[in-house]
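Full structure from sequences and hints, please.
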Amino acid sequence: MYAQMVDTGAKRLRTLEELSPEERAFQERIDADIKIEPKDWMPEGYRKTLIRQISQHAHSEIVGMLPEGNWITRAPTLKRKAILMAKVQDEAGHGLYLYAAAETLGISRDELIADLHSGKAKYSSIFNYPTLTWADIGAIGWLVDGAAIMNQIPLCRCSHGPYSRAMIRVCKEESFHQRQGFDIMMTLCRGTPEQKAMAQDALNRWWWPSLMMFGPPDADSVHSAQSAQWKIKILSNDELRQRFVDQTVPQADYLGIKMPDPLLKWNEERGHYDFGPIDFEELYNVVKGNGPCNRDRMRARIEAWEEGAWVREAALTHAAKQAARSKKAA
Amino acid sequence: MSQEWPLWEIFIRSQHGLAHKHVGSLHAPDAEMAIKNARDVYTRRNEGVSIWVVKSADVSASSPGEKEPLFEPANNKVYRHPTFFPMPDEVKHL
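Residue numbers (the working numbering), protein chains in the order written: chain A, 17 to 346; chain B, 1373 to 1466.
Heads up, a few of these hints could be off.
[As the list claims (entries may be wrong)] DMTMM-like cross-link-like pairs, simulated, lysine to aspartate or glutamate; straight-line CA separation at most 20 Å: (1) B/K1427 x A/E329; (2) A/K344 x B/D1402; (3) A/K212 x A/D295; (4) A/K247 x A/D47; (5) A/K188 x B/E1419; (6) A/K247 x A/D234; (7) A/K337 x B/E1440; (8) A/K212 x A/D199; (9) B/K1439 x A/E53; (10) A/K97 x A/D199; (11) A/K188 x B/D1412; (12) A/K343 x B/D1412; (13) B/K1439 x A/E38; (14) A/K343 x B/D1402; (15) B/K1408 x A/E329; (16) B/K1439 x A/E44; (17) A/K281 x A/D295; (18) A/K304 x A/D23; (19) A/K51 x B/E1440; (20) A/K247 x A/D23; (21) A/K337 x B/D1402; (22) B/K1427 x B/E1376; (23) A/K64 x A/D23.
Hints are computed from structural coordinates only; laboratory data are not their basis. Since we're looking at a predicted model, the values are computed, not measured.
This is the structure:
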């Protein structure tokens, strides 16, 4: 998902009896669906895992602005351009809500950003793929934001108050993103044969990476059980992925384009779509930094941060000067 | 390494809201910029007609450990609620 493969530091799940009295009281609060707030006691593992998860999520929102920003100057109409700018601005907003939620856990904004730039913190693998045509902007809104919503709706109920509140805000805004993407796909699919072929090509390239967004299969996901017990992961990777496939295939049918998966088939017995094997080696490889655009994305982020440094410093200096001046006058 | 911009808590009064409500926080060098940033971060969809910004460092909060001494006394004063006093059906305007 936007947060993939989050390390919890746990080797196995401990029973209530094995926990210290504090940890036990904490777990009981979580079991009773009481939110954990910044000043509450929390186990170090919970705090660290959440910092990893929320920061990964925040970084994804920020890095996610790059592939879409690529098309702002080349949007086909002024209306599409205005819509895309609003969408990309929302992503910046989502990143900021999430950074603020992470900061309540005792890490500073600068540390969070430094961890992204050093490669210590990750962001979603999906943003390391290039946006080659305008149809990619449609496919991202439809598929990538669709997958994000699937993950984020259950997270609105997660145990951490600030994260939960950030997710509620994000979810309220995210539906616009998915619809504008589908609207682009619809327009292309109702257009000329070339335009429809462009939509099909975008689906071909984005389908498998979108399924990888949900992370490794449950069987290989060592940290899921701990995260589930802490209620910072509500549904498993495979559950979310299946829901996403089930919801998206009929939408592609409506558009009249096909998923690039010969094994995709409705399974009457299961009441779900069966789909072909996912190349998880590709996912691990992209997460490691070897996707088509990893280096480009990091270069763009670091450049923006470094070139903005003088603005941040000047604003602080100006604020200090103004404060000193008004003190003198008083 | 330069200094980080201070953190501000943002309160917004919505169109039909009577009071400013806490919506989140953000970093800004001063109050003026905090209001401008809050406009962009928290009111992109007509959420508000008024913004308050307060430096996070200036907020004092009760601690979760004090919950009992602070709020317990209110629990055994149920007579503060009007429903504590059952009124006969025939009596009106009470």
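Hints and how they fare:
1. B/K1427 x A/E329: Roughly 19 Å separates the two Cα atoms, so the pair holds.
2. A/K344 x B/D1402: holds (18 Å)
3. A/K212 x A/D295: Cα-Cα ~27 Å, so violated.
4. A/K247 x A/D47: Satisfied, since the Cα-Cα distance of roughly 8 Å is no more than 20 Å.
5. A/K188 x B/E1419: Distance of about 12 Å is within 20 Å: holds.
6. A/K247 x A/D234: holds (16 Å)
7. A/K337 x B/E1440: violated (45 Å)
8. A/K212 x A/D199: holds (13 Å)
9. B/K1439 x A/E53: holds (13 Å)
10. A/K97 x A/D199: Holds - the C-alpha atoms of A/D199 and A/K97 are around 14 Å apart, at most 20 Å.
11. A/K188 x B/D1412: holds (16 Å)
12. A/K343 x B/D1412: Cα-Cα ~29 Å, so violated.
13. B/K1439 x A/E38: Distance ~17 Å between B/K1439 and A/E38 Cα, so the pair holds.
14. A/K343 x B/D1402: Cα-Cα ~15 Å, so holds.
15. B/K1408 x A/E329: Judged against 20 Å, a Cα distance of about 18 Å means the pair holds.
16. B/K1439 x A/E44: Cα-Cα ~18 Å, so holds.
17. A/K281 x A/D295: holds (18 Å)
18. A/K304 x A/D23: Judged against 20 Å, a Cα distance of about 15 Å means the pair holds.
19. A/K51 x B/E1440: Roughly 17 Å separates the two Cα atoms, so the pair holds.
20. A/K247 x A/D23: Satisfied, since the Cα-Cα distance of roughly 15 Å is no more than 20 Å.
21. A/K337 x B/D1402: Status holds; Cα separation ~11 Å.
22. B/K1427 x B/E1376: Measuring from Cα to Cα gives roughly 14 Å; hence the hint holds.
23. A/K64 x A/D23: holds (9 Å)
In terms of the numbered hints stated before, the structure departs from hints 3, 7 and 12, listed from lowest to highest.
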